[in-house]
Amino acid sequence: MSLQDPEYLWALVLLPLLWWLSRPPAPRRRLLTAHFPQWQSAMRAQRRRAPRGSFLRFVLLAIAMVGAVFAAAGVQTAPTPGPDRLVVLLDASRSMAAQRDGVSAFARARAALLARLAAVPAHVEVVLLRCGGDLRRRYGESARQLTDLGEPGGALAVDLAELAESLRDARTQVWVYTDGQGQVRLPKYGALDVYDARGDNVSIVDVRLEDGWPLPELQIAVDLVVHAAADADVAVVVRGAIEGEQERRVVTWRDSQVITVNLGLRRAAIGGDVELRAVLADDVLCGDDVRVLRLPPLPAPRIAVLADSDAGPFAPVAAEALADEVKGHVVPATAGGEVGLLIVDGGVAELEPGSARAITFGARLAGQLDPEPWLAPAGIDWDREHVLTRGLDLSELQVDRAWRGVLPDGQPILWSEEGGLRAPLAVLSQGDGVASIHFAFRLQDSNLPLLAAFPQLLRRGFVRSYDAAASLTIEGAAPPAGELDLRYAQLATSRPGSAFGQPTRSLARWFVAAGLLALGFRAFMR
Amino acid sequence: MARRDLLPKPEEPFSDAFCSLLPSLLATRQRIDAGVAERLRARQAVLSQSGTFVGHRRYERGDDLRHLDWSAYARTGELFTKQLEEDDRRAVTVALDLSASMLVGSPQRRVGALRLAAVIGGLALARLDGVTVVTPGATCPVARFVGVAQLPALLEHLRSLPVVDVEPAAVTALVLSFDTVGRLHWVSDFAPPQDFERPLRALRRRGAKVTGWLPTVSDDDAPPSGGYLRVVDPETDREVSVPVDRALHDELRRQLALLERQQRQMFSEVGAPLLRWAFAARPVDAPELADHLPIVAACAR
Chain A
16 MSLQDPEYLW ALVLLPLLWW LSRPPAPRRR LLTAHFPQWQ SAMRAQRRRA
66 PRGSFLRFVL LAIAMVGAVF AAAGVQTAPT PGPDRLVVLL DASRSMAAQR
116 DGVSAFARAR AALLARLAAV PAHVEVVLLR CGGDLRRRYG ESARQLTDLG
166 EPGGALAVDL AELAESLRDA RTQVWVYTDG QGQVRLPKYG ALDVYDARGD
216 NVSIVDVRLE DGWPLPELQI AVDLVVHAAA DADVAVVVRG AIEGEQERRV
266 VTWRDSQVIT VNLGLRRAAI GGDVELRAVL ADDVLCGDDV RVLRLPPLPA
316 PRIAVLADSD AGPFAPVAAE ALADEVKGHV VPATAGGEVG LLIVDGGVAE
366 LEPGSARAIT FGARLAGQLD PEPWLAPAGI DWDREHVLTR GLDLSELQVD
416 RAWRGVLPDG QPILWSEEGG LRAPLAVLSQ GDGVASIHFA FRLQDSNLPL
466 LAAFPQLLRR GFVRSYDAAA SLTIEGAAPP AGELDLRYAQ LATSRPGSAF
516 GQPTRSLARW FVAAGLLALG FRAFMR
Chain B
2 MARRDLLPKP EEPFSDAFCS LLPSLLATRQ RIDAGVAERL RARQAVLSQS
52 GTFVGHRRYE RGDDLRHLDW SAYARTGELF TKQLEEDDRR AVTVALDLSA
102 SMLVGSPQRR VGALRLAAVI GGLALARLDG VTVVTPGATC PVARFVGVAQ
152 LPALLEHLRS LPVVDVEPAA VTALVLSFDT VGRLHWVSDF APPQDFERPL
202 RALRRRGAKV TGWLPTVSDD DAPPSGGYLR VVDPETDREV SVPVDRALHD
252 ELRRQLALLE RQQRQMFSEV GAPLLRWAFA ARPVDAPELA DHLPIVAACA
302 R
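Those protein sequences? They're chains A and B, same order as listed. Taking my numbering, the leading residue of the first sequence gets 16, the next gets one more, and so forth. Taking my numbering, the leading residue of the second sequence gets 2, the next gets one more, and so forth.
Simulated from the structure, these hints should not be mistaken for laboratory data. Don't take each hint at face value.
Claimed, not checked - Part of the chain A face toward chain B, derived, beta carbon under 10 Å:
{"#": "1", "residue": "Pro42"}
{"#": "2", "residue": "Thr48"}
{"#": "3", "residue": "Gln53"}
{"#": "4", "residue": "Pro66"}
Every residue, glycine too, gets a C-beta built ideally from N, C-alpha and C.
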């Protein structure tokens with residue numbers, strides 16, 4: 016038992032004062048008498064008692080005072096030495112998702128940890144580190160409740176043994192929960208729980224695509240790694256938004272080597288999900304066996320042309336060529352008609368930039384003033400990194416006449432550079448899921464239609480005008496290399512942690528209660 | 002044992018006024034009573050003529066006429082008897098209670114007791130053969146004075162008596178050890194009375210004539226009527242704190258009256274008088290002759 020503020024004990028010197036105050040009042044007058052027995056007889060007859068102090072009443076008052084003094088002095092129990100901080104290292108790497116009897120190692124570790132944390136004293140500061148994948152830290156009650164730990168995934172990028180050793184000190188106890196997979200050694204100190212999750216595993220490590228959009232052809236190359244016993248039956252199953260709905264390809268087993276499976280598929284026109292699954296009997300880790308392709312629906316490539324009367328034949332011819340390439344057809348441009356792409360060559364186009372799928376060549380947009388002619392812009396250059404112009408050769412491009420002020424705001428992809436100043440000749444105007452491409456010159460005022468890059472530029476413009484609607488996404492990331500082979504792991508017998516220290520516990524309220532109890536008894540004491 | 006440091010100091014018993022009053026008091030003509038046996042023995046002693054002259058005393062009826070000092074009669078016109086040393090048979094004995102309880106009252110009861118002893122002793126010196134002062138516990142527990150010339154010595158002896166607590170039986174033991182007792186004048190507060198019953202009976206069995214003298218103070222019949230008091234017994238040092246109200250005052254008066262009856266009954270049973278002398282009826286510094294005449298009258302009976 017110790018005291019926080021022992022200087023309050025000086026108040027105990029007031030006990031003699033308390034004793035003096037608790038005595039009955041002393042008579043101020045003293046009377047010598049030879050008739051003391053007569054006084055006593057008279058008092059007995061009148062049932063009088065001399066006022067006198069009660070030692071028990073004083074003791075109760077003294078107890079109350081001592082209780083108050085000790086409570087003010089902060090009396091407390093002596094602390095028990097031991098750690099008062101707990102760091103939990105929870106292995107949440109992808110291998111912890113390996114299941115045994117239908118329960119993952121991570122779930123078992125989580126349940127065990129939750130039960131053990133419930134017995135941790137409230138004064139212990141708990142820190143939980145999720146090791147593996149994205150590092151997450153949880154403190155206090157959040158750590159005790161294992162709030163928002165997510166699912167296991169990613170690589171275990173730390174050496175748990177070294178981390179536990181670095182955290183170890185007199186005040187800190189370390190608990191480690193791991194499957195031992197990917198570890199050179201296990202922690203020697205602190206509590207340790209190892210969950211055996213060894214077993215065969217097959218993983219899709221990479222998926223490569225060759226998308227024929229807007230055509231239905233889709234070439235898929237799936238890279239597998241099989242860590243299993245010899246002659247294991249391995250297959251790749253594709254199912255979902257493809258023609259025939261499902262395709263199965265048996266793979267020849269090669270232990271721990273990358274196996275590439277090429278699949279030529281035709282996607283369904285309505286789009287949807289395509290699941291790629293590697294199948295292995297007794298696979299303990301199913302999470303890395305699946306990839307999902309999200310395919311957008313194929314477009315209906317209806318191409319319309321608006322050309323000025325003196326625009327020449329380039330635009331219709333280009334539309335025909337594009338329609339032939341994307342298996343579409345050219346339709347007349349009518350008011351209110353729905354088309355997949357509008358090609359405008361010269362004249363005035365009543366459309367908002369970035370709000371319609373369109374490619375305009377020297378066309379004046381709605382609301383624009385009469386453009387200013389720009390004769391033979393020099394220093395023509397292009398963005399070599401842009402998705403529209405990457406890899407194209409536009410060095411032979413010559414423009415006889417362009418128009419200033421016909422281009423809306425957008426991302427320049429082609430420009431004229433004179434005197435160190437860039438003046439855009441073509442811009443990409445990006446809208447919400449829709450994009451339009453605008454050139455500052457008509458086709459007939461340049462040699463662009465004659466360039467070899469023009470069909471490709473036109474096709475890219477068509478795809479780009481669909482923006483995200485033409486994008487194919489692959490769900491599922493490549494598993495970390497260290498989390499593939501689950502047949503080997505460091506195993507050890509689980510061991511409990513040491514006992515935590517006990518902090519000082521205030522006894523002030525007990526002393527106050529004792530004081531109040533003493534005063535309560537004193538109220539009934541005569 | 003009483004705590005002497007808490008007791009009040011004994012007051013001066015013999016003020017100048019009292020000392021100047023005393024000769025006129027002794028000059029009263031009343032006859033002083035002595036014991037019957039002593040009178041007879043005194044008459045027989047007339048036949049013996051030996052002895053050393055130690056002084057004069059007034060002539061009393063029955064004295065040997067041969068001892069009359071006619072020369073003194075011629076000078077003063079008063080009859081004086083020559084007193085010889087062996088002729089102290091016509092004596093009285095005064096027993097004084099020197100206990101601390103005699104210090105109560107204002108003036109103290111002890112003052113009244115010493116003045117009583119002085120008056121009785123003075124009368125015995127002036128008219129009888131002498132007086133014996135018995136004070137158990139004192140340095141000189143038995144002091145004998147003969148002749149009126151020893152009156153100053155008697156007063157000085159009384160003034161020098163200490164405060165000492167002794168049992169009443171000690172008085173009896175001392176008195177009964179004398180060959181002659183004469184009349185015993187016992188001056189005390191006689192409280193508690195049961196302590197005095199056996200000594201008084203012992204004196205009665207031995208034929209002593211006892212007169213009890215109780216100098217009264219206001220505490221004897223008029224206790225305090227109010228206040229918060231610490232009442233202390235000076236002999237035993239016992240004390241009690243008590244708030245006094247009207248009911249307790251009345252009860253206390255009843256108890257004191259009962260005490261007085263007990264004392265009176267105790268002396269009646271042994272055939273002795275108990276005389277209460279209210280010496281503090283007027284200021285002790287201004288004593289009146291009339292206040293002391295009852296003493297002389299009582300001694301003459």
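Each hint, compared with the structure:
{"no.": "1", "hint": "Pro42", "in the structure": "holds, 4 Å"}
{"no.": "2", "hint": "Thr48", "in the structure": "holds, 6 Å"}
{"no.": "3", "hint": "Gln53", "in the structure": "holds, 4 Å"}
{"no.": "4", "hint": "Pro66", "in the structure": "holds, 6 Å"}
The structure shown violates none of the earlier numbered hints.
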